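There are 2 protein chains.
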Amino acid sequence: MNLVLLYPEDLVAPDRACLTGRRLLHVREVHRAKVGEDLVVGLLNGNMGKGRVLRLDDGLLDLALSLDQAPPAKLPLTLVVALPRPKVLNRVVAAAASLGTARIVLLNAWKVEKAYWSSPKLQPESLRQQLFLGLEQARDTVLPELRLARLFRPFVEDELPGLLGGGTGLLAHPGTDAAPSSLLMPLTLAIGPEGGWIEAEVQSLVNAGMRPLDLGPRILRTETALAALVGKFF
Amino acid sequence: MNLVLLYPEDLVAPDRACLTGRRLLHVREVHRAKVGEDLVVGLLNGNMGKGRVLRLDDGLLDLALSLDQAPPAKLPLTLVVALPRPKVLNRVVAAAASLGTARIVLLNAWKVEKAYWSSPKLQPESLRQQLFLGLEQARDTVLPELRLARLFRPFVEDELPGLLGGGTGLLAHPGTDAAPSSLLMPLTLAIGPEGGWIEAEVQSLVNAGMRPLDLGPRILRTETALAALVGKFF
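For the protein sequence lines, the chains are B and Z, in the order given. If you count the first sequence from 1, position 183 lands on 187 in the working numbering, and the numbers rise without skipping. If you count the second sequence from 1, position 213 lands on 217 in the working numbering, and the numbers rise without skipping.
Among the hints, a few may not be true.
Since the list gives no way to pick out one identical chain from another, each pair is judged satisfied if it fits inside one copy or across any two copies.
Below, simulated BS3-like cross-link-like pairs (lysine-lysine); rule was C-alpha separation at most 27 Å, straight line [as the list claims (entries may be wrong)]:
hint	residue 1	residue 2
1	K78	K236
2	K54	K115
3	K91	K125
4	K115	K91
5	K54	K38
These aren't lab readings, by the way, just hints derived from the structure by calculation. All of these numbers come straight from a predicted model, not from anything done at the bench.
Model the full assembly from the supplied sequences, consistent with the hints where possible.
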């Protein structure tokens with residue numbers, strides 16, 4: 005936690021926040037902060053700055069806030085990720101948020117097991133928690149937009165062309181051309197499921213305006229592939 | 005497991021392998037392979053190809069091998085990573101291997117907790133297992149070189165200059181210049197601990213021939229940062 009993320013309901017005054025629960029525990033046991041010290045803090049979807057510890061005990065972390073710094077700009081990036089298995093989902097969502105992704109779409113695909121869509125990890129509260137963890141890791145305050153697209157075709161045919169917003173869309177798929185020479189922002193990057201996209205899906209994505217991109221001979225885990233893609237283009 | 009990695013001791017003939025244990029279990033329960041099917045296989049530090057399932061039951065996976073494909077070339081890349089906390093170490097080692105890193109050095113640093121060096125996850129057998137998992141994920145067979153550097157100064161002062169091999173060395177550190185315009189291979193990338201390098205360490209690394217590189221305003225987890233760096237430069 006490189007930033008203590010404050011929620012609007014933590015504010016007891018414009019320059020005072022009272023925290024309990026997970027963040028209190030983390031500041032006590034990992035940061036081992038003392039009264040009088042400054043923590044890096046940020047208000048959800050707002051400014052970042054310092055929080056001076058006024059009180060820290062079992063029950064409460066009381067902070068005097070000075071929030072005078074804008075959060076880093078989001079990357080002009082939409083990630084379209086085939087829904088990963090639940091074990092992997094949390095890491096993917098947190099990593100995508102930490103990298104500064106503006107919008108994350110979790111998409112169905114032929115090789116996504118149906119059962120993944122019933123995972124409790126897809127509950128809005130659980131997903132928000134992973135986004136928070138990514139923001140706290142990265143020192144950012146701005147929640148990415150997160151959408152679930154449980155049906156492949158309606159999303160890809162009806163919504164994706166609009167989401168591209170005049171920018172470049174790329175889908176990771178082996179055996180295709182190298183990176184296109186000219187890129188227009190915003191960028192949309194699509195990452196398939198374990199086992200990859202099936203050809204009909206590739207065709208639908210191409211019809212929607214995406215271009216295939218070969219990431220090389222190695223097959224990467226979803227969270228590794230998305231970080232490598234972000235590194236490549238930003 | 006996108007490739008079943010075979011060890012020399014699995015070979016009962018040049019074109020036959022008998023497997024038990026973890027890989028047998030994975031092929032039965034995750035791949036759900038049947039007799040007569042072909043699996044993607046590769047011999048540790050050797051060729052890749054197909055393994056036709058001759059027998060698959062509780063006790064044994066018997067494969068007829070046809071290994072006619074060279075593994076993908078390693079990246080001309082040395083990763084120098086401040087030893088991560090044990091919980092993170094396995095993922096970092098497996099991710100580095102999956103990305104095709106030729107050499108991985110786990111380095112001490114001021115902000116690496118001493119206790120991390122006593123973790124059972126640092127036992128050679130445990131580290132090799134993570135390297136195997138990375139190779140199986142990526143479809144590669146060639147083990148990266150993995151070194152532990154328990155003392156910062158002797159490694160950085162006496163060994164690092166030689167490891168650079170005439171190529172470019174970069175250390176991730178905030179508040180420094182953007183990426184250098186000209187890169188020479190092989191590349192050496194250094195990633196600090198949670199909390200970063202201290203200034204004396206940055207100075208030692210620079211004296212050894214490394215140049216600082218600012219990865220942007222966001223603080224990334226070690227495994228996210230290393231994938232983003234590999235994506236940026238390869």
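Verification of the supplied hints:
In this assembly of identical chains, the alpha carbons of K78 and K236 lie at most 27 Å apart whether taken from the same copy (16 Å) or from different copies (18 Å). When the C-alpha separation of K54 and K115 is checked against a cutoff of 27 Å, the pair qualifies only between copies, where the shortest distance is 22 Å, while the shortest distance within a copy is 46 Å. In this assembly of identical chains, K91 and K125 lie within 27 Å of each other by CA distance both inside one copy and across copies; the values are 9 Å within and 21 Å between. Taking the shortest alpha-carbon separations for K115 and K91, only the intra-copy value of 16 Å comes in at or below 27 Å, while the best inter-copy value is 30 Å.
Taking identical chains as interchangeable, the C-alpha atoms of K54 and K38 lie at most 27 Å apart only when both belong to the same chain, with a minimum of 14 Å there against 60 Å between chains.
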